[in-house]
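Enquirer: Please work from the sequences and hints to get the whole structure.
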Amino acid sequence: MADQTLNAEGLNCPLPILRAKKTLKGMSAGQVLAITATDPGSVADMAAFCNQTGNELLSSTNEGDVYTYEIKKA
Amino acid sequence: MLDESQMENAKSMSIIVTKGTLDWAYPPFILGTTAAAMDVEVTMFFTFYGLVLLKKDLNLGFSTLGNAAMEMPMMGGHMKMPNMVSMLPGAGSLAGTMMKNLMAKKGVASIEDLREAAVDLEIRLIACQMTLDLFEYSQDDMIEGIELGGAATYMENALKSDINLFI
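As they're listed, the protein sequences go chains A and B.
Letter 41 of the first sequence, counting from 1, is numbered 41 in our numbering, and no numbers are missing.
Letter 25 of the second sequence, counting from 1, is numbered 25 in our numbering, and no numbers are missing.
Just so you know, these hints were derived from the structure itself, not from any lab.
Incorrect hints may appear among the rest.
Claimed, not checked - Think about it this way: if two alpha-carbon atoms lie no more than 20 Å apart in a straight line, the pair counts; the simulated EDC-like pairs of lysine to aspartate or glutamate are:
1. A:25 - A:70
2. A:22 - B:113
3. A:22 - B:41
4. A:22 - B:122
5. A:25 - B:41
Expert: The structure is reproduced here in structure tokens:
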């Protein structure tokens, strides 16, 4: 169960990443953020973002047009 | 905020922003804000026509003139923008309005939003002093929180940056 959720649906690059960053900033280490997005480019970008920042991408799934991510804050 | 050891390991990027039209405003702001979100220390240096991107009131347009490859989606297809169009009075702001509408529809951030994000993400925004003088702007015309600097300021920063872009 996520500690916080972020709806980034309808937003295009780089907004899902910027919103994710902003939301994570207000969270504590170890907490999980669940994000939904509709930008197909966010699949590669969310992985790259997590790789670079050390936050852990717990899951990256896709159902229809919606992409869901779970990120554990470092 | 990063602690001291993180600061030493932090990557850095500088961007020289030389163009202030709507289309050219996107690459530096998208890359700058994304890099900052990825914990990169970012400095953006605004010079010549790029300087207007720091003005309090943004009124960005662009020209179809010389944009030979530009196509806009229209009625299911794509339409080339003839250079002739750019001669019509108001074509620049009309093209700007069309582009802004298209961007809003596609969920693309406005330059205003990206600039606000840049400030939030603590990107260093440096206005070229010479350009301010040249085009007769004062710092009062510009948003809060910017710094003034010249070529040496840029060089000092660029020499220790991992990535330097000129846009």
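Enquirer: Taking each numbered hint in turn, which are not upheld by the structure, reported in ascending numerical order?
Expert: none
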